[in-house]
Structures are given as C-alpha cells and as structure tokens.
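In order, the protein sequences belong to chains H and U. In the numbering used here, each residue's number is its place in the first sequence (first place is 1) plus 93. In the numbering used here, each residue's number is its place in the second sequence (first place is 1) plus 526.
Wrong hints could be hidden among the right ones.
[Unchecked claim] With a straight-line Cα cutoff of 20 Å, these simulated DMTMM-like cross-link-like pairs (lysine to aspartate or glutamate) come out:
#	chain 1	residue 1	chain 2	residue 2
1	U	867	U	851
2	U	925	U	795
3	U	1051	H	391
4	U	1051	H	121
5	U	1051	U	1137
6	U	1132	H	128
7	U	995	U	530
8	U	1152	U	1125
9	U	1132	H	108
10	U	774	U	683
11	U	925	U	1169
12	U	1051	H	102
13	U	1132	H	207
14	U	1166	U	1176
15	U	1005	U	958
16	U	1051	H	207
17	U	812	U	860
18	U	1152	U	894
19	U	812	U	766
20	U	925	U	791
21	U	995	U	970
[Claimed, not checked] Not close to chain U: a few residues of chain H, all C-beta gaps over 10 Å, as computed:
#	residue
22	311
23	349
24	384
No lab work stands behind these hints: they were computed from the structure. Being a predicted model, the structure only gives us computed values, none of them experimental. Glycine included, C-beta positions come from ideal geometry on N, C-alpha and C.
The residues making up each chain are set out below.
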Amino acid sequence: MQRLEALLEGLRARDRGSVARALNLLEDRRPAQREAQRALVRASAAMARGRVFGVTGPPGAGKSTLCSALVRAFRASGRRVGVVAVDPSSVNSGGALLGDRLRILTHEGPGGVDEGVFVRSLAAGGALGGLSRTAPACVDLLAAAFDVVLVETVGVGQSEVDVARVADLTLVAVQPASGDALQFLKAGILEIPDVLVVTKADLGDPARRAVGDLRHALAVAREAGVDRGAADAVSVCAVSSETGEGIADLVATLDRRWDALEEGDGLAIRRFHGGVALAFETVARRVGELGVDALGGEATVRARLRGLVAMELPSMEAAETIVDEAVAALRTLTP
Amino acid sequence: MPKDKPWIFRTYSGHSTPEASNTLYRTNLAKGQTGLSVAFDLPTQTGFDSDAPEARGEVGKVGVPIGHLGDMRALFDQIPIEKMNTSMTINATAPWLLALYVALAEERGVSPRVLQGTTQNDVLKEFLARGTYVAPPAASVRLTVDVVTYTVEHVPDWNPMNVCSYHLQEAGATPVQELAYSLANAIQVLDATRARLGAGADLTSVFARLSFFVNAGIRFVDEVCKMRAFGRLWERLGRERYGVTDEKALRFRYGVQVNSLGLTERQPENNIVRIVLESLGVTLSKNARCRALQLPAWNEALGLPRPWDQQWSLRIQQVLAYETDLLEHEDLFEGSLVVEKRVAELCAEAWAEVEEVLRRGGALAAIESGYVKSKLVESNATRIAAIERGEQIVVGVNKFGETAESPLTKGTDGGIMVVDPALAARQIERLEQHRKARSQGAVDAALAELRRVLASGENVMPASIAAAKAGVTTGEWGKALRDVVGDYRAPTGLAGASVASARGNTQDAARLEALRARVRGLAAKLGRPAKLLVGKPGLDGHSNGAEQIALKARDVGFEVVYDGIRSTPESLVASALEEGVHLVGLSILSGSHLELVPEILERMTKAGLGDVPVVVGGIIPDADAKTLLARGVRRVYTPKDFELEAIMADLVDVLAGQQP
Ligand code: B12
Ligand SMILES: Nc1nc2c(ncn2[C@@H]2O[C@H](COP(=O)(O)OP(=O)(O)OP(=O)(O)O)[C@@H](O)[C@H]2O)c(=O)[nH]1
Ligand SMILES: [Mg+2]
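Can you build the whole structure from these sequences, using the hints too?
The structure is reproduced here in structure tokens:
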C-alpha cells in the first residue's frame, strides 16, 4: 500500500519512472492487481487531462511517420507528448514485434533522449479492433501526465471505430494513389474521422488528387444529408512528414477543432459515449471470460469443443451447447 | 603457355592509430602484398571525431581513425601514393576521405590524375546491410554521384564506387538476391548520374569505372556460376539501359572478400579450409576471375586478426597463384552444360527480382519501404533455421563436434588482436593539438562554403578538398552534412519479414510448442506477456544477430521492442523504462562492450531499473565475458551459441528466476 501511495504521488508529479510503473501495473492481468489499478485510474481521472488524438489508417499509410512529425511539432511549442503505439500480435505465438518506435525521431538526431516525450508500445493481443485491451486505460493515464497524447493503432479492421472511443479527435491517414481514399468513402465511414490526413504530400500530384477526391466525396455526402453537420464537419489536410509541409496547418486544425469541441459540450458528449461503448465491451468480454472460467477455463472448453466437433456436430451448434452450459454454470454461482 | 598475371593480393587492415596502421601497411607491402585496403574505425565511417560522445569505445577499434589531414599524412608516411593502389572501405564519408587523399597528393606535389584506387562509396547497401549511413537515402545517392562525376573528370584512374554485393550475402542474401539487389543499387546510382549529366550524356566512362565488391561463399561451384552471371547481367545492363557499346567498358570488374558469415567460432581451424575453397569460386574461371582478393582469417569469429593470422591468409593467395597451375589455363568452364544451365537460371531469377525492385519504384523506394531489407532478414532466418535443425551441415558446429584441444587459441592473447584502449586517448590528444594549430578563420570559412554547397546541390568535392586543406575535421564535415541534409534511421525489415516458424519435423514442432508454453507461463507469473528490449548500443552496424534474436523471440511469444542499430546508452535506457520491459538484451559485435555495457547498467540503476536483468550477445572474448558477468550481466552469448531456441529457453530461465 505504501508503494502504491508513492506511485500515485509520483504520477501526480508526472515523474517518468512512476508513469512507466503505473502503465506496467495497468497492463498487469492478475486479479490481485485490480485494487491498485482502480486507484490508478481514479488518480489519473482526478488530474487535468491532456488532449488525446487518435491516428488510424491502413497499413503503411504513414501513421508512425506522421506521429513522429506531430511529436516534433508539439515539442517545438513546448508541449509534452505521450504516445501509445499499438502493433499486431502474432497469431501463432501471441508474441509481437513492437518496431514502431523506430520512426519516432523526436530530436535533432537518433539516439538522443527528450524527457518531454514518452512512448509505450502495446501489442494488440487478441483484441479484434486496432487497440489492445489495456490501451484505453493506458491512454487515460498518459493523458494525465502529458499535454498531448497520440494513439497510433494497428491499421486494420475496426481500428477507426475503436480509437474514436478513446481519442478526443480521430485522424485517419490516407495514402495517395492507393485507392484508399475512394475505398474509404464508398464504405461510407464518415462517422469516425474528424480529420482526413492525406500523407506523403511530397509525392505531388497523386496527393493533390487524393485531397480532391476526398473533398468531392464529402460534398456529395453532405448533399445526401449523411454527414454530421457543419460544426462537426470532416477536415481534409495534406501533409508530408518528410518535408514537414502541412504539419503546422494540421496542428492548428487539431487545436482549433479541439477548442471548438471543448467550448460546446462536444467533448463531454464524446467522452460519455466513448466511455459507455468501452464499458459495454468490457462487460461483454468479462462475462464471456467468466463463463469460460465457470466451465473450467480455456483449455477445458477447447477440449470439449474439439470433442463435439469431432462427433460431427456443426461448429455453431457445438458453440450453442457450450453457451447453454456456461449460462447454467453461471446461474449456480448467483447468490 | 604463359602464366596469367595474378589478381591483386589485399589484406583489409588498419587499427589503433594512423602511425600504427602505417607500420602495418609497410610491413605487409614488404611481405609481397600488392595493394592497400584501408579499414577505418566506426567514428570515421559515420562522420564523428574521436572525442565525440558517439565515438566512445569505438576509436581505433575496428579500423584506423582519420580525423584530419594530419592523420592522412601519418597513415601514408613513406608510402608512395602515386604508385599505390589504395582501396578505402568508406561510404557515407567517402567524399570526405577522398578529399583528404586528394589534398595529401596535392601537398606532396602528386597530381590527382595519377591516383589509383577505390572508394567503396556504395551507401545504398549501408541501409540494407552495413549500417554506416549518415544522410537519408536520396541525399546519400546525391553524394555518391558527386564522387562519381568528380573523379571521372579529375581523378580518371580512380574507381569512384564499388557496388557491393559482399555485404548483402553477409546479411543473409542468397546468390540470386546478391545479384539482384546489388544490380538494382547500381541502376539507382547510374540513373541518378545520367540525370545529373543530362539526358544526352555518354555514360561509357562512368559505366567503365564502376567496379563491384562481391562475396564468395562455401558453395563454390554455385559461386563460379554467380560470377559468370554477374558479368552477363552487367553487360546487358550497360547495353540495354545505358547504351554503352565499348566492349572494354562493358566488362564486369570485381574485387572479392570471401564469405565470413559462415566462419565459425567452434573448431576455428576449419575456417582455413573454408577460406581456401571460397577463393576457388572467384579464381577458377578465367573469364570471371576477380581483380583483387582479400581473405578473412581463421579467427574471424573470435575477434580481430593479428599480423600472423593475416599473413596466413595472404599465403593462401600466394600458394594458389604461384604454386598451382591455376593461372596457366584458359577458362575451365567454357562449354560446360552444367555451368551454363545454372548461369542461365541465376540470370533469369536475378533479373526478375531486379524488375520487381524497379516495379516498386527502384532501389531507393524499395529500401525506404523496407522491402529489400525484409527479404534479406527472411533469407538469413531460413539459413539459420536450417543450421539449427541440422539440415545444413556445418562441420564442427552441428556435426562432428568432438574435437581435440586446439593449440591455436591457447596463447595468452586468446588468439586475437586486442587494441590498447589507451591509444584512443593519444588519438584524442592529437586531435586537440590539431585543432589548436589550425587557423580558425580558414576553418570557419571552409565550413561555411561546405554548408552552402551541401544546401545548393553543387558537387561537394571541391569544397571538401578545400576544407581538408583548411584543417577541418571528420566530425565537422559530418556535422555539416547532418545539419544541412538531416539524419536517418533505416527500416529494420523485421515488420515485413514473414518467417515461417518451425515446420520441420514433429519433434521440432513439439519443441517449439513447449517453448511457447513456457513463455505463456511466464506471462502468468509476470502478469503480462514477457517483454524484451533488443538493443544495439554504439556505432556498431552488425544487425544480423539482433534481428534474428528479435524474430525468434517474437516467434516463441515474447513482446519485442527493437529500435534498430546505433542507439545510445541513454536512448536504450529510456526505451527500457518507457516500454516497461522485463529483460534487456544487448547485441555488440564491434568490440565496445566493455565501455558500453557498464554504462548502460549504471544508467539503468539510476533510472530505477536495477532489477531488470541484462544479457549480452556478440563478439565477446572469454575474458571480457567474465568481466561483464561480474558487473551484473546475467548471460553472455557468442557465435558458438548458434541454436536460437536454446538461447530462448535460457532467457526464459533468466526471467523465471527473477523475484516478482
Ligand atoms: C556478418 C558480418 C558483417 C556484416 C554485417 C551484416 C549485418 N547487417 O549484420 C558486414 C559485412 C556488413 C560487416 C561489416 C563490418 N564488420 Co563484420 N562481421 C560479420 C561476421 C562475419 C558475422 C557476424 C554475424 O552476423 N553473425 C551471425 C549472427 C546471427 O551471429 P551473432 O551476431 O554473433 O549472434 C549470435 C550470438 O552472438 C548471440 N547474440 C548476438 N546478439 C545477441 C543479442 C541478444 C539479446 C542475445 C540473447 C543473443 C545475441 O546470438 C546469436 C545467435 O547465434 C563477424 C565474424 C563472425 N564470423 O562472427 C564479423 C565481425 C563481427 N565484423 C567485424 C568488423 C571489424 C566489421 C567492420 C567494422 C569492418 C570495418 N572496419 O569496416 C564492418 C563495419 C560494420 C559496422 N557498421 O559496424 C569484426 C569485429 C571485431 C571485434 N569485435 O573485435 C568481426 C568479428 C570480424 C573480425 N574478426 O574482424 N560485418
Ligand atoms: N515520401 C514520403 N514517404 C513517407 C511519408 N510518410 C511516411 N512515408 C513512408 O511510408 C512508409 C510507411 O510509413 P509508416 O509511417 O511506417 O506507416 P504506418 O502507417 O505507420 O505503417 P504500419 O504501422 O506498418 O501500418 C515508410 O516507408 C515511410 O518512409 C511522407 O510524408 N513522404
Ligand atoms: Mg506504424
């Protein structure tokens, strides 16, 4: 308990070592840590919260390079920056290569250390979206300790949806000439991004074309009445993380959008809905885990499923059978 | 039948100080060596002065430090550079070292027009294999082209660039990849040169001056075929892409260092046999014979060679050239159907891969995206896995391991050369004296001009030569470059490397599964998956070991953070803290472990990470391993630990023994 007190003290002082240990604790899955984790979450919630920007987009779109350009820009104006970078986990081993730090060059040369920057990489683990399970709590904690937090997601699947729940504003990186721009709009995903960032603007024409395509599609959407209204309209920016072109504008756009959100009650509403969505997911997942536990744990359940499917039962039926058993088992646990 | 003239015998050497290296060169020339091959230390190769913080532990270690014109004078003292053929293994700072050499010549009244030799000057392969790059890829190509266009005009007998496939094989490349990626790099430079000279320019003289630096592995029949394929593809490239018609200009000229990656720490005496056989691959075929040859020593995997070790390797070449009948015959393979078939196969496969790179936008784009690097990492992983599973036999390593005690390693020096660390201090003293003696006004003016030229895109050579004469130092030249065009970190290739995890037989699969279960077990104990930081502190660019350890660790279930090469102790400790790792694994092959590892341990303790275990791998002599273990390092691994899964199991042991 004394150690926890010291840790909370350190966190409030924004001490780097304490932030690191606090994140370790949040990632810890042992039930015995729940109490301490709760204390950490409460402590960070009580602190002023930095601005959280989510960065998502397809693989190779330039997310990491964009993050490092943004880190440099925020640092240049004296803001302290935390970064949460999520990388995919190997399906076979559960292991992960967390290499994204590489491109996060935050000072004049490689190798140096800027105390105003803090990067934690997380493995996506089994989580389906682009975030890991512990990411939301880690983001909140970093937001308490840093002025700005950037969250880079794995560029696949539901990551846009996922990151929008933890970020105040969501940037979607779009690579020029990749067909992503149109693909993206065809899918009608206009609910999520606050800022569409066309990356690699140094490529010239293709980048300009991508900006044009996106603007056009947004206008069409507006006419069809499927956008979110003027105040919340999607911004389109083109940047080159190599030359720095457009980065200052992007930062200005982010700040302007954030200020506007905060002035109304936009930010509060977003956080409320994001919080509820995350809470719901946690409930669904935890209930599932409890059900599996009640039947004797993962290995046992898998063995039973193998048995059922081996007896020619369709796999979905096998699943239903086990769910029924789990519900029954959970009932017997009720007081 | 008259004997052919033998190739140039080289010994890659240089260490400690310019004076010590000068003595070494003069002794080697007296022993019948016919050309010089200069090894520079890592600070010189990466544009740092001997007293820069980045140079800590690296000064004079793996080559000679050259900080200014005074050092160049000392290095070539009493050596007639007008008669020498001097090969310099220098890349990112090639314009600078060439400038110093030209300045030395002019000072001695020797016209640069008579200078003969080579600057390696192939920066593209530095991003893929060798690691001593400074500027980002595009800016690096521009400097390469500066040297090419300058020498073609002013130092006409100079080979401005050695297109290197050697290092690609050392980083895992198969023969096809070695061919394809070195040719793709050459295309990038030739295209850039053509763009510089203007569309209509005749590229013949440029094409004629580009030579290659090639590897020769133990599968020497295949290597004979690879050399022939190289010649064919190079000629084709010259004719088809660059419109070269002059037969002489189209000839593929190459120097060789034979394979070192396959030289072993276990039963190191066997290496001599490997070196001899590898030499055959590049000398047997008259029509595809190397122009120059340098051989590693029997103790390659132990540490730096001593003069006697180098002499032994030189003698191999002399026996081959003077005692055998090798040089008396016309090409032995002309008309061989077997050889012809294999050559055609290599040409076809390599050309397809060249086209793949071009489709991806050329070598620059394929380097920046990590594509080529990932391919090399994959090939290396395949090679290592085959050795680990016993599918590829390495005598004395995974087969025939029983051995009598070797007398070769019994000496008090452990069978290697150790550079006296006190010499670094002398070098720094010399540098300080040099700085005091020069005219600051002249230096400032020369540097201002250098910066202007770097920014404007003019050829950097004239300003560099003027700077050399004004007394500018290597670090000042490097800083100007970094300030004006910026720094870079190359992709590690790990993210894109798809490595099939042990298919092997069921026994292999079961072993891997057991290992994964143990790593999962650790997660239960630690509360989250075991997280490992793989770090490469210092200027060392040997990335193979770190890459393969990182990949294997992921494959058995670790979360792995790898920041790439050339980290500093500060940045590694910051990563360890921010990332919340359970274990730090350092990989050091350049010999700076005694300086860097203790510094990292101290910084970790200060950062509150004193309880995070640290292991070290690389070229660590036994005596040093004892020192490191006594300082608190938990394990030391060297090349003899070739089984990656055994290392992984050991790492699990280290973590399992940790108090939570
Ligand atoms: C391949 C190689 C190269 C390649 C590197 C390619 C690459 N991207 O890695 C190239 C050709 C580029 C190269 C260049 C140079 N090299 Co070199 N190179 C070698 C060589 C032949 C093999 C190294 C290797 O890759 N082995 C395969 C890997 C898998 O093995 P490993 O790294 O030893 O790793 C194993 C263990 O050590 C351990 N391990 C290693 N790291 C870690 C980390 C962790 C966490 C763990 C758990 C375990 C572990 O596990 C691995 C499993 O087996 C060695 C000699 C030798 N045979 O060992 C010389 C050697 C290392 N090179 C040497 C030198 C001097 C150079 C140069 C500096 C020469 C110069 N003056 O320019 C250059 C510059 C390189 C630079 N930028 O730093 C010297 C170093 C001398 C010393 N320490 O005293 C050596 C020993 C050769 C010699 N005898 O002179 N080199
Ligand atoms: N020319 C140019 N290339 C860029 C720019 N930004 C990124 N790149 C290149 O695009 C590639 C991918 O960049 P990353 O930043 O790693 O992309 P990412 O979206 O983080 O990739 P993943 O995390 O793997 O999904 C790299 O080769 C970068 O060098 C840019 O502004 N201009
Ligand atoms: Mg990324």
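Status of each hint after checking the structure:
| no. | hint | verdict |
| --- | --- | --- |
| 1 | U:867 - U:851 | 27 Å, violated |
| 2 | U:925 - U:795 | 15 Å, holds |
| 3 | U:1051 - H:391 | 18 Å, holds |
| 4 | U:1051 - H:121 | 10 Å, holds |
| 5 | U:1051 - U:1137 | 16 Å, holds |
| 6 | U:1132 - H:128 | 29 Å, violated |
| 7 | U:995 - U:530 | 42 Å, violated |
| 8 | U:1152 - U:1125 | 17 Å, holds |
| 9 | U:1132 - H:108 | 14 Å, holds |
| 10 | U:774 - U:683 | 15 Å, holds |
| 11 | U:925 - U:1169 | 13 Å, holds |
| 12 | U:1051 - H:102 | 27 Å, violated |
| 13 | U:1132 - H:207 | 17 Å, holds |
| 14 | U:1166 - U:1176 | 15 Å, holds |
| 15 | U:1005 - U:958 | 18 Å, holds |
| 16 | U:1051 - H:207 | 33 Å, violated |
| 17 | U:812 - U:860 | 10 Å, holds |
| 18 | U:1152 - U:894 | 40 Å, violated |
| 19 | U:812 - U:766 | 25 Å, violated |
| 20 | U:925 - U:791 | 14 Å, holds |
| 21 | U:995 - U:970 | 13 Å, holds |
| 22 | 311 | 30 Å, holds |
| 23 | 349 | 30 Å, holds |
| 24 | 384 | 20 Å, holds |
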